[in-house]
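For reference, the chains in residue letters:
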Amino acid sequence: MRITLLALLLMAFGLKGKAQNNKRILFVLPDSVEMIASKYIQHKDNPSLTHDLYCLLGSKGEDTCTITITSYDTAARTIIARWLSCTNRSVMIDKTEYPLLTDLDFKFGLPDDQDVGQMGKRNGYKICPLPHIYCTIVFGAVNGKVLSITSTRDAAPAE
Amino acid sequence: MRLIDPEAFDRIRNEYNGNTSDMSATISLEKESILIKEDTGAIQADLQEIKDSSVRYGREYQMYLFINLGTGLLSSEKDNFQGDNSNSYPGYKYDPLDAVNYLYNDRRPYSKLLIGQIHGHPATTESGRETISEMSSKDRDVAMKFQIAIYGVDAMYGDIGDPDYINRANPNGSDTRKVGMTKGRNNNRDKIFTIGRDALKIWGQSNSPFSIR
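Line by line, the protein sequences are chains U and B. For reference, each letter of the first sequence is one residue, going 7 to 165 in the numbering used here. For reference, each letter of the second sequence is one residue, going 74 to 286 in the numbering used here.
In case anyone wonders, no lab produced these hints; they're calculated from the structure. All figures in this text were calculated on a predicted structure; none of them were measured in a lab. Warning: the hint list may mix true and false statements.
To give an idea of the chain U side of the interface with chain B (calculated C-beta under 8 Å), a few residues [to be verified]:
| hint | residue |
| --- | --- |
| 1 | Y78 |
| 2 | I85 |
| 3 | D109 |
| 4 | C134 |
| 5 | P137 |
| 6 | H138 |
| 7 | Y140 |
| 8 | T156 |
| 9 | T158 |
For glycine and all other residues, C-beta sits at the position ideal for the given N, C-alpha and C.
Just chain U, with the same shape it has in the complex:
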């Protein structure tokens, strides 16, 4: 009986894992960008894992994209923690998937969906991310060429 129950549990967990995988959109970055992102995450200057990491994908014009790797506090009751708990997009960096938001989430996403208002007179406000520990890579959307890297300075490693 115990073996049967264990087998059933394993099947249930297996199915759950598969179902979750089918419900997310996995993003991959150009190789050159992923390598830099991976180095930042592994580097001693990176945000430690007391906070979870997430990525923010943006665009600058038609052919240029930005990816920002930053951290958020899962325990804080912030809008960003809520959004990240329900996003189904993730980006693969090395062997790990990190939750992903895009600049469109901030342009059109409602921080408070309880007060939407009527069509023509919507009430929603917007928020703008202002991280202080981050790495931003600007790159060509088509050729993947890295154009610039900006890394945080205001939380420099202690001497």
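Put chain B on the given structure of chain U with help from the hints.
Here is chain B on its own, set in the frame of chain U:
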């Protein structure tokens, strides 16, 4: 300082052939405008509380500076629910018709014009790191995007109620260090940094939000 509708200002200026320093023109401008009054007590109290809360809880508490277009009151509002140890999330309502940002919780017809955002810079909880007294490139990016002053209040050290330094990111992409301090326990209004006036002056010389990429 006074607040006037741009259409009324243009009408009076045209009426006096561009000579707005004419005595009659000045009287007309005064009649059509309202005096901007800074609610110094509320702003300074909020500013100190942002600093104190950021120190105490290690989170980036934030507040906004705004002008009430109906009353001319220059005041502030705290927004206690949005930051964590290394992130601030300024909220706003953009009105494309007026090409200005209003306060995130303003209701139609909008009246609270957003002219500044202030957030605490607490000591980081990341091991081996240290928060230093300056504005980040993201602070400068947001100042450029919103075309308002973004202020960072040092909240790394000290006790509750202590004064601390304020740095500023400017709408032109530059930053200015140590523009002033929070009031601390000083209640002498002659010796405080009037951050509302500072933000208003900068906003008055800036462009429309999102106009610079």
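Indices of hints not satisfied (ascending): Structure breaks hint 3 only.
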